[in-house]
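There are 2 protein chains.
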Amino acid sequence: MRTSELTTPALLVDAQLLENNIRTMSDALPGTRLRPHVKAHKCTELAKRQAAAGHSGFTCATVREMEGMVRAGLGHDLLLANEVADASRLGVLAREGARITVAVDSDATIDAVARAGVAEVLIDVNVGLPRCGCPPEEAGRLADRARAAGLSVRGVMGYEGHIVGLEDRSARGAMLEDSMGQLVSAAGKVGGEVISAGGTGTYDLNSWATEIQAGSYALMDTAYGKLGLPFAQSLSVLSTVISVSAGWTVADSGLKALGMDHGDPSVEGAKVWFCSDEHLTFAPNSPLLVGDRVRVLPAHVDPTVAYHDSLYVVDGDEVVERWDVDLRGW
Amino acid sequence: MRTSELTTPALLVDAQLLENNIRTMSDALPGTRLRPHVKAHKCTELAKRQAAAGHSGFTCATVREMEGMVRAGLGHDLLLANEVADASRLGVLAREGARITVAVDSDATIDAVARAGVAEVLIDVNVGLPRCGCPPEEAGRLADRARAAGLSVRGVMGYEGHIVGLEDRSARGAMLEDSMGQLVSAAGKVGGEVISAGGTGTYDLNSWATEIQAGSYALMDTAYGKLGLPFAQSLSVLSTVISVSAGWTVADSGLKALGMDHGDPSVEGAKVWFCSDEHLTFAPNSPLLVGDRVRVLPAHVDPTVAYHDSLYVVDGDEVVERWDVDLRGW
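Protein sequence lines correspond, in order, to chains A and B. Count along the first sequence starting at 1, add 2, and that's the number in the numbering used here. Count along the second sequence starting at 1, add 2, and that's the number in the numbering used here.
Mixed in with the good hints, there may be bad ones.
Examples of chain A residues lying across from chain B (beta carbon under 10 Å, computed) [what the hints assert, rightly or not]:
{"no.": "1", "residue": "Gly130"}
{"no.": "2", "residue": "Leu131"}
{"no.": "3", "residue": "Gly249"}
{"no.": "4", "residue": "Leu260"}
{"no.": "5", "residue": "Asp319"}
These aren't lab readings, by the way, just hints derived from the structure by calculation. Ideal Cβ positions, reconstructed from N, Cα and C, are used throughout, including at glycine.
Please model the complete structure; the sequences and the hints are all you need to start from.
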């Protein structure tokens, strides 16, 4: 099958670039040094390629992702790097034999996990991003409480989400040192072996964490593309030109095919004007015709993938595989 | 079933507010004066309520929406208000007995429709939004060409998307007069009965169009909410509080549950700080606890609905129906 036969918009993944990204990362962070985050691709077939590169543990953001990974045979060591008020579906997975670890940052989330019959937790520590995570000085008390509730505390996690996207590498490094200092200090009070942190933007800077939760590196996006990392944008949205006017051109990828929180997507050799629900209005440097195909580069990979039900793996214009985006929803 | 039993994030539709919105609109634009746009809700069950209110024709933005409406028995008069480079799937629908009309704005899109065996078109005219649509002075020539290709030209369409969202009603009215003047002039050269235009923001101002393509009025969003229209926000995203810190609170609706092109969502009685993939960080006026439910109001309805597979119709905290969001994808 050729890409010209695909219904558009369609998510394309360049097979060679994906393989290079996975290999570059596994060379830098082999085996359990990387705990790939599946939220960036929501695709168990892609996760299997990461597992084949040596990474046996995975990170998830939702209960649905945890369930899907277990169903796909990838439940050897799954971390839900997120809090849940109700862990009952995770308890089901644990009873089925999957190794389930859940982030907790409060008495309420510890109680939810204990009640559900999940055995293992990480104490989630706020390392500077105002989101989930307890204050570092609370971490020891929460670990004690978790152990008192019968849970095994594997260690800590702390996501430096306010740092991973900084374009200045030296600023990233400096802020990271401060942020991870807090996490290491909390880890000392919590105990356990695991210090889980990091993302694609800090994968080679974060030497404090025992495991890095990077996810975007496999597919990449234009936001991370600005950081000069050794990962290529393997993901694009194949689109069809449907209208040509004097001064602008319209393709059929819009707000329902592209995550927009990081702004407009990019098109090589063109200036993007704006997106509508099902349209991308742009000005190409060279004229295009109705029916021509263009590859649109998303600004943010995670919410882009979540709009699509398939990833088409391509070698040039040949479609070599279709993978379900099977971890969508909640 | 109660909303407290739903997995979150979950799309809620207030049954009474939805009914009021549909009735208010059908009172203002009865029968075929309104051609409801399904792109805003992507739900044939909701479309059936619009049909029951007297609207027999519908507007779609994608081929998938057209197919889903035909399958749901709502194919009496469907307009694809968008160009397609390949109309073959629409030809299938026409041969199955559905009445299919397609927007065309170029020789290439006319040829695509004729080749596919679709019988009817509207000439799509650019009325000021730099997107699809031919220049007004081209409309007559395209109509001639379409008729020469054996197509029936029902008239024109011209979407004033640059006007519908203007908060100043008098500015909306003034710009609309200019925009619709161009469309009416093109209609004179094209012939046919139909002048299709308009949206929720101009539904009661656009007296030039013979039919209005409004869609957002049924569910609404905070962007349209600023216009002082007589439609209430019947849609919200039910979310669960998962983390509480000193100064902020986190719920489980993020970038994959909310269309973000119009900015952050709103939470009544709270200030929204930012969204992450699966998180909403906000500061509520009154303290919340882990496990509490909050209703998040999306900034833009269309790309929000496209992330979800179900709409839960609610009466207060009681879930009265679950509707599939069955028109997603392409």
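Evaluation of the provided hints:
1. The beta carbon of A:Gly130 is not positioned within 10 Å of any beta carbon in chain B (closest approach about 12 Å), and the interface hint is therefore violated.
2. For A:Leu131, the shortest C-beta to C-beta distance to chain B is roughly 9 Å, which falls under 10 Å, so the interface hint holds.
3. For A:Gly249, the shortest C-beta to C-beta distance to chain B is roughly 7 Å, which falls under 10 Å, so the interface hint holds.
4. Satisfaction of the interface hint for A:Leu260 is found here, the shortest Cβ-Cβ separation to chain B being roughly 9 Å, below the 10 Å cut-off.
5. The beta carbon of A:Asp319 is not positioned within 10 Å of any beta carbon in chain B (closest approach about 17 Å), and the interface hint is therefore violated.
The structure does not agree with the numbered hints 1 and 5 stated previously, though it agrees with the rest.
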